[in-house]
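Modelling step: build the complete structure from the supplied sequences, incorporating the hints.
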Amino acid sequence: MSGAPFPVRPTCLEIENFRGFRGACSLDFAQDLTLLMGECKAGKSSILTAIEWCLLGTKIVSSTSTGIAERGDWILANTEATGETRVTLTLVVEGGKGKLTRTRALDAKRNAPDQLELTLPGEQLLTGNEVEEWLEWTGMPNWDTWKQAFAQHQESARERITDQADRSYLIASMLGLSDYRDLSAMLKKVKPKELEECAQETLQHLAEDQQRARQTPQQEVNGIQASLQRLNVSATQAGDAELELRRKALIAEALPVGEAVGLSAEQLPHQDWSASEVHTWGAGWRSQVNAQMTPLRQELGDLEGKIRSLTSSHEALNPKRVALADARQQLEGLRSKHGSPQDLRAQRETIAQELSALREQRREQGELNNLLREALGVLKAGGRTDQCPVCTQDAGGLEQRLQEQVASGGDDAIQDQLDQLASRDSALSSQLQQLEQAQAAFQGTEDSLASLEKTLRGQLPPGTQEEAGVTDLLAALLAQKVRLEKTINLADENLAGMTGKLEVFGLLLNLRAARERAEHRAGDLSAMPQFATLQDKIDEAAGFACDLIALGNMARELEEEQSALQIQAVNQSINHYMSMISPGFEKVVSVHQKHTATKLIYQLVDSEGKNLTGTLNQGALNSLSLATFFAGAQFRVRQGLPEFLVLDDPVQSLDQAHQEGLARAVKEFCKLAPVIVACLPSHFTRELERLKSPDDRHCKVHGSDPIQIEEI
Amino acid sequence: MQHETYQRLGEIRASVGMEYGKILQKILAISLLETKVESLVERSVQGIDLEMVIGGETCAFEVKTSEGDTIKLSRKDIEGLDRLVEAGNRAYIVVLTNGPLDDLIFARYHPGEVPVGKELSSFFFRAYQEPALQKRIKSTFPVVVDKHAQTAVEGRQGGLDKILEQYAEWGRA
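So the protein lines, in turn, are chains A and B.
When we follow the working numbering, the leftmost residue of the first sequence carries the number 931, and every step to the right adds one.
When we follow the working numbering, the leftmost residue of the second sequence carries the number 5, and every step to the right adds one.
Once the Cα atoms are required to be at most 30 Å apart in a straight line, the calculated DSSO-like pairs of lysine-lysine come out as:
| # | chain 1 | residue 1 | chain 2 | residue 2 |
| --- | --- | --- | --- | --- |
| 1 | A | Lys-1121 | B | Lys-122 |
| 2 | A | Lys-989 | A | Lys-1121 |
| 3 | B | Lys-76 | A | Lys-1524 |
| 4 | B | Lys-80 | A | Lys-1123 |
If you're looking for bench data, these hints aren't it; they were derived computationally from the structure.
Structure below.
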């Protein structure tokens, strides 16, 4: 850190449009002591803040960066300014003077970056980060150093000794342990723990990814195993051996079926087919077999038809012959009984003629009877029944004879004859009908038999005898039927079983694939070269983290050892300034080193080892803060580091005696490095007036607008 | 670690409960014996579980397992390991945490560098791991776990002892 060849120090300040300063003004503080006196709101603190801003930038108005709450509300630019804000520090540097200028645009937002320039002897110009690096290289203060060893801020006058971190930092600086502290701080920033957390987090995410990647195929495996379980294949059974057994069985069962139904060699499975090939083949097996089965079933149907036809023809032949014989016998019996139909028809013809004659006779008789009745009527109408009404000839007894003639008529006899003839005709008709029916029955049976015999002959091979031919043909047909049925049953059985077998086979095949996927994915991470590389990187990170921890431990151990050597000198220095500032202070201040789990902290204790900061009053605390402040600055000077003190209203809570002591301390220190003090007119300023030497410069700051600096 | 090995170890842990540390120690012993060591002795002293002679050198192992991702070494463990190192031995802490991707770590013990009583993740021990030793059992450990998982679950320590007794290089002190 302290590689600078020359202790840089500021000698002049130029301010333009900064806080209370509108327009431009400058302050030369090349002297040992520069005292800025002024009433409240005169602008004294603004001058000191301008130095801070020039050196440290906008972080001075951040409550977080500075640790001073009220700084968060500060506005850097003069609110009524019409130009940019600029502060320039003239620095004494090796080989001459340099100018450090920080500029802020008029309308810049609060967190907007400033422009930073540094002009060095030889017209060398640095800007931005180059300037920051140069300031760091020369040992100019960062905020922590500034707060601890350069500036006594009135806003946080006592924090230097009451805040553990600030106190430890300052004392460690006084003990010459800045490098160790910086190393510890750097190691703290690197945070080995974060490396570990990052590595663990990465591995955790990978493990979760692996778990997720495994779950899907594993769930698939579980699902397939459950399906197989339902098909009575246990999870332990469901392996490659089972798959192979079933592969062979499927082929062995399919081959005879395929051959039986007449599939071609290309359509049949091969013994050396893989399980996947068998599975693919199995998907088309049913349709292939069914395609062959359709003509086979048709053939069987035809065959069964033939057998049925032959059997029924053969079986119907004899009854038909018997029936024909019966019909013949019946016909002949009727013929012998009634004669031939021709005879019967001739008889009926005769009867018909007789009937016709009788009916004529009956008609003529009827007409005669009508005339007789008419004659009787005439007789009765003439009133004389014994005389002919026409010729008036006597006709005694005529009426009576007429009546007797009408009564006897002859109708009944004719009717009787008619009835007899009709009855005989009816009988003949019935006999004729019987004969015709018997004749028809005989003829029908005869035709049927002839047809049957013709059919049967058609089924038999030419030249074969009927009975033997039928028997042989039936036997041949039945044998063929049995063969066909056997083939069809074999195929049906195979197809019926094949569905379930192929399902199990497919599941086994899928299970194997799913297990392979699960296995493959499971092995992914541990086998992946990228994972091995990641592990190597994590190993490196672990090594690095351990090295950092070891370095931190070493730094702490070294700090501990070094502090033991320097602690007496620091105690002396603090007590020296404390005795000047607070002459009545009776306690002896000692720096006490305390270990925590990860660092060393420093306390200020009395001779009995009791913590001082917890028991001192405000005046004593302020005095001790100033004493450690001077002591710390003194050590920086002795180390050849840039140093100048800025004291902003340092007399808080100090009575006249303490203010006199502080004036003496300031006068003593300013021989080592420049001191700039801003303060209200007080006993302290009067004491500095009294002690003023030619190298001191005393100025009065006027708060009128704009702020003016008047040398006294 | 292969996931199958991790699962097997998980099954063993779930079955044997508190005995898991000892069971793993014996599985580790079998794994080391499978790599042809000159001798391997199980010891029942603080800070040393196994003592192996290989290439004429003695290596002592303190086996630490964890259900989580950290392990803790007691003062007695550390003192035991310190004594071993003082006696000129190479001492190792064998760490197996319970992450799916965690591997066995053979961490060389250096006195003063392992905090006492503090939960330490496997990350800490990775800085001290000895790749040669880990490589030695990388392939045998999963095989031994797979082969003897059933014995570990059913026969516990006694079952594994019977297997260990079959090795001429095995001993107990």
